[in-house]
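Hints in hand, dock the two standalone chains.
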Amino acid sequence: MVNILVLMKQVFQTADLRVDRSSKTIITQGVPRVISEADKNAVEEAVRIKEKHGGKITVITLGPPEAKEALREALAMGADEACLLTDPLFEGSDAHATANVLAAAVTKILEYDLVLCGAYSEDLFAFQVGPRLAEMCNLPQITYAAKLSLENDRVIVERDLENERQVVEAKLPCLVSVVREINEPRLPTLMAIMAASKKPTTVWNAADLALGPEELGFNGSLIEILRSTVTVGERKRILLQGEAKEIASKVAKSLIQEGVLKAA
Amino acid sequence: MSEENTGVWVFSESPQLTLELLGKARSLADGLGTKTVVIAVDVVDAQNLIQHGADSVLAMSDQAFKSFQVDTFTDAFANLITEHKPDILLIGATRNGLEFAPRLAERLKTGCVTEATRLELDAEKKYLLMDRITSGGNLVETHISKSKPQMATVAKGLFTPSPPDPSRKGDVVKVEPKFKPPSTRLVETKPKPMKGVRLSDAPVIVSFGRGVRKKEDMGLVEQLAQTLRGVVACSRPIAEDLRWLPEDQYVGLSGQKVSPKLYLALGISGQIQHLTGIRNSRIIVAVNNDPKAPIFEYSDYNIVADLYEFIPALMDAVKQLGNA
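Protein sequence lines correspond, in order, to chains E and P.
Start counting the first sequence at 5; every next residue gets the next number (our numbering).
Start counting the second sequence at 13; every next residue gets the next number (our numbering).
Only chain P is shown next, with the shape it has when bound in the complex (with noise of 0.2 Å):
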């Protein structure tokens, strides 16, 4: 292979994200023989880069690419790619990063999938295969791209960052990428309204669903959720149609996709909408009266009970194990 298309490229303007991206950039790199390639915005975290598995930090270091901006993003990524040449392109699937991704691959014409759950290269180690989870959450689809880079974006959580190796050695190379002045301005940023719980850094998450039948009960859900040390979280109607909980504490395809150790399921029947943002837990326990609930097709713990009944027996057991 020739010095063209070569290279693993990493970008998230997420420090952690970066370094998540950065360990499946490693392995891929090393099944290809060929460099990793980090774009930071500042050089001051380049060592510990270079730590987490980075041949190579190229260092943006203009004040205009301090906050993401799409344009000059857009502008300063396609020139270096047009430059260098990297195989593959990874970039953090943040809101930011998802606006991002799209239009740099439309200005390089090639082809991105956006928030990857698994890539891998094929046998003949020609191309990146990408799956995406498509159709309600019904479809896992292999993508390939049919130009360079193979761009994908990536969400948190998805890969685990190398061990940091203090001995690694890499380096770090400044760079000035033209760009042409930005078509949108930030006027101001405000905190969100309404900021509901952290559902993506809960370890455990007490979820229910229409099988709570009053909007009182949910005090009895909040109870268990202490009880466990866990945060209140709900499905799709819950919040949409009902509004008894904001928007932001919803959990499925379209809403939270969550990855705690236990997510406990309450009368939620089990769409593939729901399924679909609970897959990455550990360990799921589903409560329902029906026997035939499809979350019992998916679930660890398949406790077939009425949910006002198992709720403080669950509560009662928990405690006398903690006073044992």
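This is chain E alone, in the form it adopts within the complex (with noise of 0.2 Å):
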């Protein structure tokens, strides 16, 4: 018997993200919100443990309260229980103030075995709430899992890097991260769907966690956002349409002539 919390974020589709050049906005209207990839995998890899050692499976997730979607989703493939954490007072946390709350959570829930979550989420890519999740914790972190398996207490993981697998082991309880490649996510049946309806969600905020205005947000960040702009690319934009023969010889010209191709 495994208890098992996953942190999951979600976030919005990051491919149907659109740029507003003339406003330099981010157009979010209409754009789907969904599970962080990675976290998705994160929630499969906790079933999947579930249905081979048994347990109880939590996910966890903050965010406004549309983030509750998220959840519904998670508890249909096969989570048992979720919650929300969510309070205006959230709004603006750096990585540190988010892991901060999750780690409240993570302390006032209490039982677990093992935290999982994705190593990185689909639209800041930072990779840094597990790792300073496991330090305010105080728990050993294994990053990168492409498989995780559990013997007795203990936890081990094969992690991806660059160039090689590391074949890592820890006692529990302990944080792993995990990366796309550990599983595929399952779609939940219909059936499952419906019953996920009927599971718990419970909802936490600031004062529920014992946290004060001084610790969250902007207030409570170590990193502050002086600007942020949208990009807009500057490449030369030649534009070369007609006889594919006579766009080719040109495009192969100029490629030599900037240095960037040898001829065959």
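Keep in mind that the hints were calculated from the coordinates and are not lab data.
Be aware that one or more of the hints could be misleading.
What the hints assert, rightly or not - Residues from chain P shown here face chain E by an in silico Cβ test under 7 Å; the list is partial:
hint : residue
1    : R115
2    : T146
3    : L151
4    : V152
5    : H155
6    : K158
7    : Y310
8    : S311
9    : D312
10   : A317
To be verified - Now the in silico label distances, taken between C-beta atoms and shown as ranges:
hint : chain 1 : residue 1 : chain 2 : residue 2 : range
11   : E       : E73       : P       : R294      : 40 to 50 Å
12   : P       : K190      : E       : T29       : 43 to 53 Å
13   : P       : N91       : E       : G34       : 45 to 55 Å
14   : E       : E168      : P       : N292      : 17 to 27 Å
15   : E       : Q33       : P       : T201      : 44 to 54 Å
16   : E       : Q33       : P       : N292      : 22 to 32 Å
17   : P       : N60       : E       : P36       : 49 to 59 Å
18   : E       : N156      : P       : K204      : 22 to 32 Å
19   : P       : T201      : E       : V234      : 40 to 50 Å
20   : E       : G34       : P       : R222      : 18 to 28 Å
21   : E       : G34       : P       : L198      : 43 to 53 Å
22   : P       : E95       : E       : V234      : 39 to 49 Å
23   : P       : R180      : E       : L230      : 30 to 40 Å
Claimed, not checked - Computed footprint of chain P on chain E; a stretch qualifies when at least three of its residues, placed anywhere within it, have a C-beta under 8 Å from a C-beta of chain P:
hint : region
24   : 97-107
25   : 164-177
Cβ atoms here follow ideal geometry from the backbone N, Cα and C, with glycine treated the same way.
Encoded structure:
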């Protein structure tokens, strides 16, 4: 029997984000919100561990009230309980302040053997919350899991590094962050989706977690964002159209002149 | 400024990345009128580091540092930093560096900007301005850290090492920071399964997307790559949805970030996710039959053509120029 906490984040489907060039803003209207990919793999891995060893899965997310949808999807995939951490005071939190709220929830839940999360979120790619939370909760951390197994009171993980796989083990409790190679998340069945609506979801705000405003949001952050600029390309954009042969020889010549191509 | 909060420190377990970070650290330290310090796990390389711009090399010679382990390194660095109080700490954004930096930052209760793309001092030289790309590549955010050390991790290939200067002098100090027994144990290392081509090292990349209609047509792309002496890559849907190529061969924000001299995008529409992975390419050539394809906004040569006609034509053209 293993008690697993899964930390997950709801993000905008990044592939659908567009930039409005005139207002220099990102258009989020109509863009679907989804579970961040690697976090979804963490949920799937938790369900597979439970299928093998038994136990209980609690999924936790920090976000706006809309993040409940993401939790519902995780419940449909096989999680047992959900926990939504939501409060206007959480807005503007950096990785440290975010990990601080999650750590407060993890500490409050108390009973866990394994904490799983994605190695990164699709929107920020900061790779920070897992290690920061592990540090706060004084847990061993094993990152980039491409394979995971449990043996008695130990977790054994294959870490996916740039040029090799490292097999690493630690005693439970432990935090493990996963990469997408670890599994293929299931699509919940209609039955599972219906059953999910009956599973319990706890909602906690700052007061429930005994967190004061000084440790939350902008005040509680260690990083300040001075400005953010919408990216606009600055490429040559030389248009070539017409007969394939002609364009091809023009391009080939130009590329050789630019020194980026050698003639065959 | 007092002796506290001075010095620009650098660490990476990758020797090449260490030199690149040192190149940047040197210019930051000159701007601040302070020293550069490299944390090394050996004294062997110290002179080389000094020639490349290090004023000081702190060598952790204990056997425990011969291979990277996050607890050991966090303990050791936290002790060294608490003692010496550097102003800035740059860490190489390898996968190990990326798990180490946030844990260390949390121990030190300081901010950390992961995979910074630009590091500059502000006008008053009070803060390190650290840019990073977010929101699927749509935003460049400029961050500052409210606390010291100001920490950032930096990926390979972003900064250039300073040319070596054999006359440079620096000091080498052996240090023995304390650490607790680690909480994880390395059982073994294995080769990566299905190892694809290393895109990060390729000078020419021939990449394709949904414009290639059938899996069999990948042969045409491979032929072109051979002619151009490049390697084949793809967009995310080709690897993740269609699974025509392994996942380490797709280019994008969540996949490989590449910086070839020449990036040829065949039938790739150009989602921001993909564009973020190719932004460091020197020249981008896009081929698409849709003149409105978003990739044309971000390319140097915009070729509106059927790629099935264009690929053979380009192979012929390159061969002809070679024979000339």
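Each hint, compared with the structure:
1. R115: holds (4 Å)
2. T146: Nearest chain E Cβ about 5 Å off; hint holds.
3. L151: This interface hint holds because 5 Å falls under the 7 Å limit.
4. V152: holds (5 Å)
5. H155: OK, holds: H155/P within 7 Å of chain E, min 5 Å.
6. K158: holds (6 Å)
7. Y310: At 4 Å from the nearest chain E Cβ, Y310/P passes the 7 Å test, so the hint holds.
8. S311: holds (5 Å)
9. D312: Result: holds, 4 Å to nearest chain E Cβ.
10. A317: holds (5 Å)
11. E73/E x R294/P: 40 to 50 Å: holds (43 Å)
12. K190/P x T29/E: 43 to 53 Å: Between K190/P and T29/E, where Cβ atoms are some 50 Å apart, the hint holds.
13. N91/P x G34/E: 45 to 55 Å: At roughly 51 Å between Cβ atoms, G34/E and N91/P fall inside 45 to 55 Å, so the hint holds.
14. E168/E x N292/P: 17 to 27 Å: holds (25 Å)
15. Q33/E x T201/P: 44 to 54 Å: holds (47 Å)
16. Q33/E x N292/P: 22 to 32 Å: Given about 31 Å between the Cβ atoms, the range holds.
17. N60/P x P36/E: 49 to 59 Å: holds (51 Å)
18. N156/E x K204/P: 22 to 32 Å: holds (28 Å)
19. T201/P x V234/E: 40 to 50 Å: Holds, since T201/P and V234/E (Cβ atoms, about 42 Å apart) stay within the stated range.
20. G34/E x R222/P: 18 to 28 Å: Between G34/E and R222/P, where Cβ atoms are some 22 Å apart, the hint holds.
21. G34/E x L198/P: 43 to 53 Å: About 47 Å separates the Cβ atoms of G34/E and L198/P, which means 43 to 53 Å holds.
22. E95/P x V234/E: 39 to 49 Å: At roughly 43 Å between Cβ atoms, V234/E and E95/P fall inside 39 to 49 Å, so the hint holds.
23. R180/P x L230/E: 30 to 40 Å: holds (35 Å)
24. 97-107: holds (count 4)
25. 164-177: With 12 residues close enough to chain P, the hint holds.
Hint check: no violations occur; every hint is consistent with the structure.
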